Amino acid sequence: QRIEELERLVQCDEGARGILDFLPPVGSLELAAACLLGSKSVAIITGFPCMIDYPIPTETDGPLGSLAIARTLLHLGKEVIILTDECNEEVLLSCGAASGLMVNNSSASFSNILRMESFPAVAQMEEDDFSRLLHIQESVDLVIAVERSGPNSEGKYRTMRNRDMTHLVAPLELLIDQIEEENLHKITSIGIGDGGNEVGMGKMYERILQSNVSNASLIACTVSTDHLIVASVSNWGAYALCGAAALLSCISSTSPASEVPREVLQKQLESCLPSEEQEEAMCRRMVQSGARDGVTGCSDVNQLMVDGMPLARSLEILSNIRTI
Numbered sequence: 001q002r003i004e005e006l007e008r009l010v011q012c013d014e015g016a017r018g019i020l021d022f023l024p025p026v027g028s029l030e031l032a033a034a035c036l037l038g039s040k041s042v043a044i045i046t047g048f049p050c051m052i053d054y055p056i057p058t059e060t061d062g063p064l065g066s067l068a069i070a071r072t073l074l075h076l077g078k079e080v081i082i083l084t085d086e087c088n089e090e091v092l093l094s095c096g097a098a099s100g101l102m103v104n105n106s107s108a109s110f111s112n113i114l115r116m117e118s119f120p121a122v123a124q125m126e127e128d129d130f131s132r133l134l135h136i137q138e139s140v141d142l143v144i145a146v147e148r149s150g151p152n153s154e155g156k157y158r159t160m161r162n163r164d165m166t167h168l169v170a171p172l173e174l175l176i177d178q179i180e181e182e183n184l185h186k187i188t189s190i191g192i193g194d195g196g197n198e199v200g201m202g203k204m205y206e207r208i209l210q211s212n213v214s215n216a217s218l219i220a221c222t223v224s225t226d227h228l229i230v231a232s233v234s235n236w237g238a239y240a241l242c243g244a245a246a247l248l249s250c251i252s253s254t255s256p257a258s259e260v261p262r263e264v265l266q267k268q269l270e271s272c273l274p275s276e277e278q279e280e281a282m283c284r285r286m287v288q289s290g291a292r293d294g295v296t297g298c299s300d301v302n303q304l305m306v307d308g309m310p311l312a313r314s315l316e317i318l319s320n321i322r323t324i
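Residue numbers (the numbering used here): 1 to 324.
The set of hints was computed from the structure by calculation and includes no laboratory data. Small disclaimer: the values here were computed from a predicted structure and weren't measured. From the three backbone atoms N, C-alpha and C, an ideal C-beta is built for every residue, glycine too. Be aware that one or more of the hints could be misleading.
Below 16 Å or equal to it, Euclidean Cα-Cα: the simulated EDC-like pairs (lysine to aspartate or glutamate) are [said to hold, decoys possible]:
1) 186 with 138
2) 40 with 138
3) 40 with 128
4) 186 with 154
5) 186 with 127
6) 40 with 4
Computed beta-carbon distance windows for the label pairs [unchecked claim]:
7) 129 with 164: 20 to 28 Å
8) 167 with 296: 17 to 25 Å
9) 112 with 270: 17 to 25 Å
10) 86 with 53: 31 to 39 Å
11) 263 with 37: 40 to 48 Å
12) 55 with 1: 45 to 53 Å
13) 128 with 319: 43 to 51 Å
14) 55 with 135: 40 to 48 Å
15) 125 with 1: 32 to 40 Å
Start from the sequences and build out the full structure, keeping to the hints where you can.
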């Protein structure tokens with residue numbers, strides 16, 4: 001019941017993009033969280049370089065959610081690597097540094113540290129880059145795409161305004177599509193998005209085409225994932241996945257949710273999710289490194305925004321998830 005509350009909380013379409021037309025079935029969040037718990041080594045792919053008129057095209061939605069999921073995975077003892085495009089590297093590294101997850105910290109309970117790698121745009125990918133990607137693919141059993149730009153029916157990567165950003169995007173979705181067809185290594189995947197043009201949205205492709213999303217037929221991503229989380233803001237979907245995984249990790253066949261003490265659930269939620277202070281610090285570092293709000297283009301460190309909304313709204317959602 002609590003996990004369904006999380007699902008409803010992040011799916012109310014506050015950005016008015018039309019996501020209500022292609023929400024996955026109720027219970028999808030819990031299935032994704034169970035998948036996360038069953039993983040051992042995870043690759044998170046993120047980065048949506050939609051601000052193509054600026055030297056650093058990275059938007060503020062995506063990295064924060066990715067770092068939140070990384071925190072949850074590390075707390076649960078998983079191995080984690082975040083992958084992004086070279087054009088997003090500086091922002092992701094700044095965000096990661098501010099998170100504290102990329103260094104050994106004796107005060108933390110993590111047995112692993114977060115790793116990051118970046119890849120060039122698809123036209124600049126060389127044999128060594130494909131080999132790196134294949135090596136990562138062979139080392140993970142779960143790929144989570146968080147606000148990750150995905151190809152449309154023509155193989156192009158388009159913004160919500162139908163602008164072409166293919167010259168900036170690395171083909172990280174190959175981790176899911178399988179780089180080599182004969183590769184029998186099974187990878188499970190989770191997609192998190194908010195507009196229809198992100199990796200994972202292929203699972204709802206026909207419904208997106210029929211939706212009220214602007215430019216749907218031109219921007220819709222064709223790449224599907226095993227599990228899909230659609231949210232008002234992709235970061236919110238990531239927070240919900242963290243919260244659901246935290247709750248599920250406390251539940252077993254001998255200890256159903258109704259029998260787990262509230263203080264145990266609360267402690268796990270606090271361990272798996274960043275604090276509002278941590279999230280604000282990471283967002284500030286991102287903007288200082290060149291990230292912008294993906295809707296307004298705002299890059300004011302004194303007016304932090306995500307998807308056209310003040311960061312304060314995201315922090316409110318984060319707080320609500322922590323106390324669900």
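So, going through the hints one by one against the coordinates:
no. : hint                     : in the structure
1   : 186 with 138             : holds, 9 Å
2   : 40 with 138              : holds, 13 Å
3   : 40 with 128              : violated, 26 Å
4   : 186 with 154             : violated, 26 Å
5   : 186 with 127             : violated, 23 Å
6   : 40 with 4                : violated, 25 Å
7   : 129 with 164: 20 to 28 Å : holds, 21 Å
8   : 167 with 296: 17 to 25 Å : holds, 23 Å
9   : 112 with 270: 17 to 25 Å : holds, 20 Å
10  : 86 with 53: 31 to 39 Å   : violated, 18 Å
11  : 263 with 37: 40 to 48 Å  : violated, 21 Å
12  : 55 with 1: 45 to 53 Å    : holds, 47 Å
13  : 128 with 319: 43 to 51 Å : holds, 44 Å
14  : 55 with 135: 40 to 48 Å  : violated, 30 Å
15  : 125 with 1: 32 to 40 Å   : violated, 46 Å
In summary, the numbered hints that this structure violates are 3, 4, 5, 6, 10, 11, 14 and 15.
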